[in-house]
Amino acid sequence: MHVPDGLMHPLISLVGWIIAIVVIALSVHFLNKKLPYRTLPLMAVIGGGIFVAQMLNFPIGGGTTGHLVGATLAAILLGPLAGMVIIVTILIIQALLFGDGGVTALGLNVLNMAIIGCFLGWAVYRAVPGKYQKFGILLASWLAVFIGSLACAAELAGSFVMSGGAYGITGLVAFPSMLIYHSLIGIGEAVITFGVVSYISKVSPDLIHTPAVGLWTRRKVVLE
Amino acid sequence: MKFDKRLFVPILAIMAIFAVCLVFFFIFSAPYGDGLEKTMETAGVEEGEPVFEAPLSYGEDYPTAFAMGLIGFLAVFGLVLLLGRILGRKDETHND
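If you read the protein sequences in the order shown, they are chains A and B. For the first sequence, the positions run 891 to 1114 when the numbering used here is used. For the second sequence, the positions run 18 to 113 when the numbering used here is used.
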């Protein structure tokens, strides 16, 4: 779901940049000097792991593939603010080092994947009662991908309308296509997220039971 | 900031899993686009010229892709550590 250069109307890309900068600035503000140093190596490992996982597209049928976004995974394990740092770092490396996702579209990619994935995924996960934590992980990670694709479809349709067809894709194609594909990709995201969280909580619970960061707390992940 | 040596195990495990899954990626997924690329294909929209020419790509073969995965892992790992050092606080000064 990495938006390339030249696909979206420049004004839509600009709005994406503004939203991304504001949310990144707020994240940095709330996170600043609250992140314990001992959490950093784990953050770095999770970041590197999500990067390589994003390279591994999985087939969803019909000659289409999808890949893990990992934002909800990072938010569940480390909180949404630390998750934002990780996913934004990955998106920057992908755009600047590997040309995956356009530089002009970086703001939209931050919005669609990092912001929606971390904050919406985290909010859904936290909203589900603790006794349904497994369901919460699955629902949050699926919904983060689905809503991220809905945002991307809206950006495509908006670009199409604003430019008279020079940019974007008509909503008649963008909405059904993006939502159908990503409802399936979201299943892969949910399964992988659930698997990773379950595995880490069982083999190294102390690794993820690190202190919470300010108001934007993680909840202890304990899967029985 | 001390590096927890226990993290070497998950790092090696991640790269080992990546090495195995990359085989399946090249068998089942490599020729196909993702959801957005497929949507663009359906709509007949071509990907535009990038405004910035990235120095690397993910590669078209297994050894290159594995090397790029390793480079990407290290780049993200290093940058997250750097940002964390800027945003973080020393462990002994906090009250959790």
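Calculated from the structure, these hints are not laboratory results. You may find that some hints are simply not true.
Have a look at the derived ranges for each label pair, beta carbon to beta carbon [to be verified]: (1) B/ILE44 x A/PRO1066: 45 to 53 Å; (2) B/ARG23 x A/ALA1056: 16 to 24 Å; (3) B/TYR49 x A/SER1094: 17 to 25 Å; (4) A/PRO1066 x B/VAL26: 24 to 32 Å; (5) B/PRO72 x A/VAL1018: 21 to 29 Å; (6) A/LYS923 x B/ALA30: 41 to 49 Å; (7) A/HIS919 x B/ALA36: 33 to 41 Å.
Computed list of lysine-lysine pairs in BS3-like fashion (alpha-carbon distance at most 25 Å, straight line) [as the list claims (entries may be wrong)]: (8) A/LYS1021 x A/LYS923; (9) A/LYS924 x A/LYS1024; (10) A/LYS1021 x B/LYS22; (11) B/LYS107 x B/LYS22; (12) A/LYS1092 x B/LYS22; (13) B/LYS107 x A/LYS1092; (14) B/LYS22 x A/LYS1024.
Heads up, the beta-carbon is just placed ideally off N, CA and C, and yes, glycines get one too.
Where does the structure disagree with the numbered hints, that is, which hint numbers, in rising order? 1, 2, 3, 4, 5, 6, 8, 9, 10, 13, 14
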